[in-house]
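Asker: Sequence:
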Amino acid sequence: MRGFTSNTLGQRTTPATEGGRDRTLGGNVSVEGSAEIIFPLPFIEDQRALQTSLFLDGGNTFLSSCYDVLDEDANRQQCSSGVDLGDLRYSAGIGLSWLTPVGPLTFSVAEPLNDESGDDTQFFQFSLGQSF
Numbered sequence: 001m002r003g004f005t006s007n008t009l010g011q012r013t014t015p016a017t018e019g020g021r022d023r024t025l026g027g028n029v030s031v032e033g034s035a036e037i038i039f040p041l042p043f044i045e046d047q048r049a050l051q052t053s054l055f056l057d058g059g060n061t062f063l064s065s066c067y068d069v070l071d072e073d074a075n076r077q078q079c080s081s082g083v084d085l086g087d088l089r090y091s092a093g094i095g096l097s098w099l100t101p102v103g104p105l106t107f108s109v110a111e112p113l114n115d116e117s118g119d120d121t122q123f124f125q126f127s128l129g130q131s132f
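The opening residue of the sequence shown carries number 1 in the UniProt record's numbering; numbering runs sequentially from there.
The hints are simulated quantities; they were obtained by calculation from the structure and are not laboratory data. C-beta atoms are modelled at their ideal positions from N, C-alpha and C, and glycine is treated no differently. Please note: incorrect hints may appear among the correct ones.
[Unchecked claim] Derived CB-CB ranges, DEER-like: (1) SER65 x PHE39: 37 to 47 angstroms; (2) GLU116 x GLY33: 16 to 26 angstroms; (3) ALA35 x PHE124: 19 to 29 angstroms; (4) THR100 x VAL29: 27 to 37 angstroms; (5) LEU56 x LEU105: 17 to 27 angstroms.
Between the sequences and the hints, there should be enough to build the whole structure, so can you do that?
Answerer: Written out as structure tokens, the structure is:
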């Protein structure tokens with residue numbers, strides 16, 4: 001999701017160690033959505049090759065049931081299962097897509113709207129190719 005570092009949303013398996021980072025467990029249920037308004041750039045001849053957009057993204061990952069990831073995590077894990085729509089994260093921003101012979105290049109600048117402590121946010125993102 002734009003505005004958050006890849007693969008960081010969802011429950012944590014263990015608390016962060018001093019100077020370290022916690023590990024993201026992820027989940028087997030993904031809730032995500034996106035809305036985009038595409039608008040043309042002035043002075044560009046081929047509007048199909050270069051597009052700008054304003055977007056709003058929302059989503060998170062959840063577990064349908066808890067399980068131990070590692071044996072040493074068994075007593076430390078504080079897992080909650082089920083989908084809680086109150087835990088959805090949202091971000092908004094602007095994107096630029098450029099269709100090249102190599103594939104589509106996408107640049108995004110996003111600001112998380114409801115990040116919480118422990119969330120890894122990312123202001124600028126770049127991708128090559130399409131994701132599903």
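Asker: Are any of the numbered hints broken by this structure? If so, which, sorted upward?
Answerer: none
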